[in-house]
Structures are given as structure tokens and as C-alpha cells.
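In the order they appear, the protein sequences are chains A and B.
Quick note: the first sequence, position 25, residue 25 per our numbering, numbers continuous.
Quick note: to get our numbering, add 1000 to the position in the second sequence (first position is 1).
Treat the hints as calculated values from the structure; they're not laboratory data.
None of these values were measured; they are calculated from a predicted model.
No incorrect hints appear here.
For lysine-lysine, the following DSS-like pairs were computed, each having C-alpha atoms within a straight-line distance of at most 25 Å: (1) B:K1302 to B:K1290; (2) B:K1148 to B:K1118; (3) B:K1151 to A:K151; (4) B:K1236 to B:K1118; (5) A:K55 to B:K1090; (6) B:K1151 to B:K1118; (7) B:K1209 to A:K151.
Taking CB as the label site, the calculated pair distances span: (8) B:P1145 to A:K55: 53 to 59 Å; (9) A:L155 to B:Q1025: 57 to 63 Å; (10) A:R296 to B:Q1058: 36 to 42 Å; (11) B:V1194 to A:F62: 21 to 27 Å; (12) A:K55 to B:S1041: 39 to 45 Å; (13) B:R1328 to A:Q65: 44 to 50 Å.
Each residue gets a CB set at the ideal place from its N, CA and C atoms; glycine is no exception.
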Amino acid sequence: MANLFSSKPKVLSRTRGLWAEAAFQKTLSISALAILVLLTAIFLSLLIHSSPSLKAFGLTFFFSQTWDPVSSRFGALVFFVGTLLTSFLALLICLPFSLAISIFIGEYFREGILSSILKQVTELLAGIPSVIYGFWGLFVLVPIVRDLEIKLGILPHGVGILAASLILSVMVIPYAASISREVIALVPSDIKEAGYSLGATRQEVVTKIILPYAGSGIMAGTLLALGRALGETMAVTMVIGNSNILPHSIFSPGNTMASVIANEFTEATGRLYLSSLIEIGLLLFLVALTINFIGRYIIKKVSIRA
Amino acid sequence: MGKHLVAIFLSFILMPWSALAVAKQVELVGAGATFPYPLYSKMFYSYWKTTGIKVNYQPIGSGGGIRQLTNLTVDFGGSDAFMSDEALAKAQAKILHIPICLGAVVLTYNLPGNPEIKCTPNVVADIFLGKIRRWNDKRIEEINPGIKFPKIDIMVIHRSDGSGTTFVFTDYLAKVSKEWDGKVGSGKAVNWPVGLGAKGNTGVTGLIKHLPGTVGYTELGYALLNRMPAALLMNKHGRFITPSTASVTRAAAVPLPNDTRLTITNADAPDGYPLGGFTWVLVYREQAYKKRSMEKATELVKLLWWMTHEAQRYTEPLHYGQLPEQAREKAEKIIKSIIYDGEPILQ
Chain A
1 MANLFSSKPK VLSRTRGLWA EAAFQKTLSI SALAILVLLT AIFLSLLIHS
51 SPSLKAFGLT FFFSQTWDPV SSRFGALVFF VGTLLTSFLA LLICLPFSLA
101 ISIFIGEYFR EGILSSILKQ VTELLAGIPS VIYGFWGLFV LVPIVRDLEI
151 KLGILPHGVG ILAASLILSV MVIPYAASIS REVIALVPSD IKEAGYSLGA
201 TRQEVVTKII LPYAGSGIMA GTLLALGRAL GETMAVTMVI GNSNILPHSI
251 FSPGNTMASV IANEFTEATG RLYLSSLIEI GLLLFLVALT INFIGRYIIK
301 KVSIRA
Chain B
1001 MGKHLVAIFL SFILMPWSAL AVAKQVELVG AGATFPYPLY SKMFYSYWKT
1051 TGIKVNYQPI GSGGGIRQLT NLTVDFGGSD AFMSDEALAK AQAKILHIPI
1101 CLGAVVLTYN LPGNPEIKCT PNVVADIFLG KIRRWNDKRI EEINPGIKFP
1151 KIDIMVIHRS DGSGTTFVFT DYLAKVSKEW DGKVGSGKAV NWPVGLGAKG
1201 NTGVTGLIKH LPGTVGYTEL GYALLNRMPA ALLMNKHGRF ITPSTASVTR
1251 AAAVPLPNDT RLTITNADAP DGYPLGGFTW VLVYREQAYK KRSMEKATEL
1301 VKLLWWMTHE AQRYTEPLHY GQLPEQAREK AEKIIKSIIY DGEPILQ
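Input sequences plus hints: build the corresponding full structure.
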């Protein structure tokens, strides 16, 4: 019996197991730390490279509408407004659709072929490369918007804030819908059953019990989808009109932060020009980060309650 | 199993380097302007076929090409705009500009029936300044008798990305219009007073084709490829010139400075098309830097000589303007001035 416990190979494998455990743990913690380091490094390098423009323009950078590479005067207001306008408009347009999809899959048809097909299709939307959305927007959506503008008697650009928001809304639906669906599925069934036992119809249960309960979670999901909309570049630049003039209506052409960086970075000569573009990158980074933090904070609150 | 995977993975990572080590053949690396890329890839392909020398050119934009050259990561850079005196002074060594070919920029538009229209410099400038707002403006109708213009708004399309094409176009406008020069100026990207931006030549042509009433500028080749109309432009001698590779070559037949750094927009050539420019290859005059071999430097010089001579036959079929005689002579002198450790490479 005794040599069973003291057999050499077993002891070896035991120490080997311990060693592997330690190595595994080390690898995990290093990888996790690396992400943190990476994020900080990105922030710092953005900050360092944008310092010439930070010094030259200071706070006026955020309020100036001029973007003039020839005379080296740069301001980010047009792009900042363009980004926020298209993103929030996209969110507004996408909300009814993503909500309907998530209620449908999360409450009405949780199982079955129909719901799994719908689930797959929505997730497929997220996998389509953005340049394809851009082409579709340019060839299909822009002429439709143009016809609308002709009917309304506005200068028919076709491209502009509205076209960009419409494209973005299609692109963010899968993100908003999948999180909303999970939050809706999290609503405890005893509350819902209590509703039904009081004689509530299905519609009443959805509007009076599920939506109020899952409301903040749905909002958080939509906020995370907003993060995606903020950074979208290719599809937006193809349909927004790329005009560096402050938009005065949703039909005007505009420009976004991501789009101006993608457009002008390759040929940006001159230190101030380059660092101004990087400062826009920094601004975009901060905006996206802030919105993500708010979204995660709300989700955390909700999951504690659920 | 795990070890095998690691070995396979490592061999994938190391493959490019090991391949380089095996093939001792000189490979030249360049980067820069996207505009001459179709021509360069044709040239370099046939150069590889005849000489076995591989030339790898990355079309990352003129600005990027200059940056790569100053960072010493490429053998040569490509640029549609010449480097300023200030930029040249900042470089660690003397940089030479060697003209390779010419590009023409055309004014293209989308009108019902797409008639061939004529434009004067003032009209072009005022359209892009937003002062002429409708197609049936008197000033447009005056120079185009017999054409019935629709009563629709002019929609200006410009490039949204920084580009040599924009540089040529705005350089022209700044030369012909004082107001443009004062308000906007010239550069690879400018603060456009009116209009919509589109990315790349393809973006501009795409938008113009889809939106009636638009006008914009694009490279000659793209307009021809897309069967789009191109306006005749009035040159300095008061003649309306059809844009073509031949007419832009005629425009470049003007006295050039010895370093060939000159824009040829609105040039003083009687039959020259006023909207065009050189595209250059940039190299260091002293080739012995960063442990480069004499062999590599010699191959580079040979390549440049070939590009400015035999390879000129590839220009016309791809809608680029050939170098005029004077420009080629200047290019020869510049190529001969390239040295390795103080000694000229080409005698």
C-alpha cells in the first residue's frame, strides 16, 4: 500500500501538474495585463503624437469649424458633430427594429425554426464587411434618398447625414438586438406568470412588465451598439458626402471623425496636419470609451437586479 | 502534436526571411503615389521578365512615399507633388527628383446627353468657388453656343482624400484665379468652399455618374475608362484644348529647371493642355547609406534609366503622357549625378 503513494512517477506528475497550473495562471494574467497595457499604450501614443496640435490649438480645436490643410488651421467641430449626429440618428432609426426583433426572439418565439432562422440572419448582418454596406448604400440607398429630396424640393445630393445614418442603423441592429434579446430572456418567469395570472394579455405583459424590467438593459445594449456606429468608417465615408461644412439639416452632407482620418491620413504631410488628425483619433477614442463605460455600468446594474 | 504545430507556425513566420536568404537576387523596394501605380506595375513586371530584377512598389500615397524614403525603409519613393525647399532642407541627405511620366486631369460632368462643353479658367474657378451655381448660367452658355443647358443646380464633386490629382487641380485654380489663391490655395487637400467629397478617382467618377448635374475632376485614364465626357479647357494662349496624353506632353515642353521641380499647370505652351503634371521618383543622391551594396545602387540607377527611356512606350497605352524631349534630357543629367561613396555610378 505504502509504495502506491510513494511511487516516483506519481510524485513527478504531481509536481508537473503544479508547475503547469502555475504556468497556466501566469499566461492568463500576462495576457490579461497585456490588454490593459495595450489600451494605455494606445492612449499614450495618441496623446504624444497629438501634442503639437494640442499645444498649437488648445481648446479651440474642439470648437473651430475650419479644417484648412493649406493654411494649417484645424478644428474638429464639424467631424465631432457629424459623428454624434449620424450615430444617434442611426440609433433612433434602429431602435424600433432591434426592439421588435429582440421581443420576438426573446419572448414570443424562444425556440423553433423561425426563431433560429431569425437569430442567424440578424447575426449574419454583423458579419457583412462594411465596404459592401457602403456599395449597397451608394447604389441603392442614395438614389432613394435623392428621390425623396427631389419630392421635398431640397437640393438633391442623395449622399449626406441621412443616408449615412440609414446605413449605420442597419449595421448596428444585430448588436443592439442580441443584447436586448438576452436581457429580455433574463426577465424572471414568475413575474411574467404573475402578470398572466392577473389576466394580462401578452401585449400587456410585454409593455407593462418585460419592457420596464429590461428597459435599462436594452438601453445599455443600444449604447454598446452606438460604440460600433461611432467608429464605422468605410460605409459612412462612401455615403456621407465628405463635406467639411457644419451640417444644417439631416439632408446636408457632412463628415465624421473616423472618415476624415481614413481619408486624409495617407497624404497628410506636415507635422501639424498629421498631429491634428491624430488628435481627432484621440477624441474618437475618448468618446467611444466613455460610451462603452456608461453602457457597461448600466449592464452591471441590471445584471445585479436580475 | 503541439511541437509540430509550433514548428509549422515558426516556419511560416520565418519563411519570407529564409526565402530572401536563399535568393541572393537584388530586389528593389519603392513606395508612394497611387496615381502612376498602374504604369509602374506594368513597367516593373516587364523589367522583371527581361532582367530578372524584382521591383516591389507599394502605392501608399505620395506623402507616405516621402515619409518612407526619409525613414530609409525604401530604395525609392514616388510622388505626384515635388518636395518643397523646406522639406528638402530637412531631409538628412540630398534627394533627387526624377520625372517619369505626365498625368492629365480632366473636368468631367453629368448632364443630359453629355454634350462636349468648353470651359474658360474663370468659369472653372467660379464654379468651384460656388459663385456660378446653375448650369444655365449666362457665362457658361456664352462660351458654349448651341448647347442647351438644363436649369439645374451645379453640384461640385471633389476628392475627400489627400491626393496628387487635387494638388494639380488646385494648383491650376490658384494660378488662374486670384480669389481662389487667396481664399483656398493649393495642396493635396484643401478647404473646399462648396461640394461633396468622394474617396479616390473611382469614388469621384462613381458619384458623378450617379448624380445628374455634378461636375468634378479626375485623372484622364479614369474618365476614358468610364466613358465620361471631358471638358475642353482654354489654355494660356486662348485656345480650347481637348485633354489627351499628347496634349499634356505638349504642355510639358516648356523650359524646365535643372531639378525638374515645376508644376506645368497653365503652362505657356501654345497647344498644351493646361491641367496636368509630372510624377516623380525620389532617390537619394548618395546611394551609400544604411549599408546598401554597390550592386543595389547600380541596379536602381539602371532601373531609373530604363524607366525614363525604353519604358516610355508603356505610357500612352495606359493614358499617361510621355516625357517630352527636354524633360528626358534633364532626367538623364539627374540620373548621371547619382553617386556611390562619392563616385558617380553611371559614366
